[in-house]
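J.: Sequence:
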Amino acid sequence: MAFPLHRNPPFRAEHVGSLLRPDYLLEVRHAWNDKKCSNAQSHEAEDRAVNEVVKLQQDCGFRAINDGEEGSAYPKDIYRNDDEYFADVVAAYQTELQILYDHGLRNVQIDDPNMCYFCNEKMIENFNNDKLNARTTDELFTKYINVYNKIMTQCPQGMHIGLHLCRGNLVKSRHFTEGPYDRITKELLQKVNVHTFHLEFDTERAGGCEPLQYLPHNKNVVLGVVSSKYPELENFDATVARVYDAAGYISKRSGRSEMEALEQICVSPQCGFASHSSGNAVGVDDMVAKMRLVRRVADKIWPGDV
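Under our numbering, think of the first position of the sequence shown as 15, with each following residue one higher.
In case anyone wonders, no lab produced these hints; they're calculated from the structure. Take these hints with a grain of salt, some might be off.
[Claimed, not checked] Under the rule of at most 30 Å between Cα atoms (straight-line distance), these lysine-lysine pairs were calculated in the DSS-like manner:
| hint | residue 1 | residue 2 |
| --- | --- | --- |
| 1 | Lys233 | Lys266 |
| 2 | Lys314 | Lys69 |
| 3 | Lys200 | Lys136 |
| 4 | Lys145 | Lys69 |
| 5 | Lys266 | Lys205 |
It should be emphasised that the depicted structure is a prediction, and the values quoted were computed from it without experimental measurement.
The task is simple: from the sequences and hints, build the whole structure.
T.: Structural data, given as C-alpha cells:
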C-alpha cells in the first residue's frame, strides 16, 4: 500500500498510552470486582480520572491526548482456533475504526507487544520444537502481518494508524520477552501497511538502532527512548544523541541526508506507565518529569514543531 509520509500525527513528542491510575480509581475497581459498588460509581471514578490525565497531558505540552487507559480491563472470552480469532480481530478493527472516524477521530495507536516474541530466539526455538503448533513462527508472523494489512484495506482515508511494539509491561515494571528487532525489522517495517511504528529503544533488551535502516521513506518511527519502567530520569544530551544515531542508520541505507531522516522520527516513552491497574514502579512526579523530558528532547531537535 503506497501512501505519503504522514505528519501531525505523529507529533514530535508522543506517548504510548497508559498513565498511572489514582488510588481512588483503584479502590473503586477493587470494590467493583468484589461487587461492592455499582457500574455507575465505577464510571464516575473513571470519568474523573480521565479528566485529570487529559489536563496533565495538556500541561506537559502534548498534542495527541488520550484517556490514559484509565477505564481499561481484559475480557474473559476465548476462541477455538487462530483463524476464528483473527477473522474477528479484522472485522472488529475495521468496524471500530469506521465508528471512530465517523465520530471525528483521526489518530489511532494499536498496541501489539506480542510481535516482540518473534525477536526472542529462545521463544522461537521452543515454539518450533513444539509439535502441537500448527504453524512455524515465520508462518505465524506472516499471519500477523496479513491481519494488519487486511485491517488497513478498510482504513478510512485521512486516518493515521500507528503500531506500538514492546517487550511487555507487567506489574512493577517487569518485562516478558527480550531480543533486538533485527530478526523481524525488514518484514515489519516494509510489509506492514501502517503509517507509523512506535518502537522501544530504552534498554539493551531492545538492541541498537541498526534495524531502522529498513524504514521506508513514507513511514514514521516514534523512538521510545525514555523508560516508563524506572524512576531514574534519562540524561537529556544522551537521549538527543540517541535520536541522531537512529537518523544516521535510516539515512545510511536510503542515501538520504540525516536531516531528511529526522523528518520521519518522533520521540516518546518506551511504553505506557500503567499497562496494568497498579502501574509501574514509578511515581506520578517521575512520570511527569519523563513526559516533560520527551517534550524537551522534541523541542531541541525540531524547534517550533509540534
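J.: For the pair supplied as a hint, Lys200 and Lys136, confirm whether the alpha-carbon distance does not exceed 30 Å.
T.: holds, 20 Å
J.: Quickly compare the C-alpha distance for Lys233 and Lys266 to 30 Å and report which way the hint goes.
T.: holds, 16 Å
J.: Has the given pair, Lys266 with Lys205, been kept, meaning a C-alpha gap of at most 30 Å?
T.: Holds - the C-alpha atoms of Lys205 and Lys266 are around 20 Å apart, at most 30 Å.
J.: Between Lys145 and Lys69, is the straight-line Cα distance small enough, at 30 Å or below?
T.: Violated: Lys145 and Lys69 sit about 52 Å apart, past 30 Å.
J.: Need the status of pair Lys314, Lys69: alpha-carbon distance at most 30 Å?
T.: Holds, at roughly 24 Å.
Consistency with the previously given hints fails for number 4 only.
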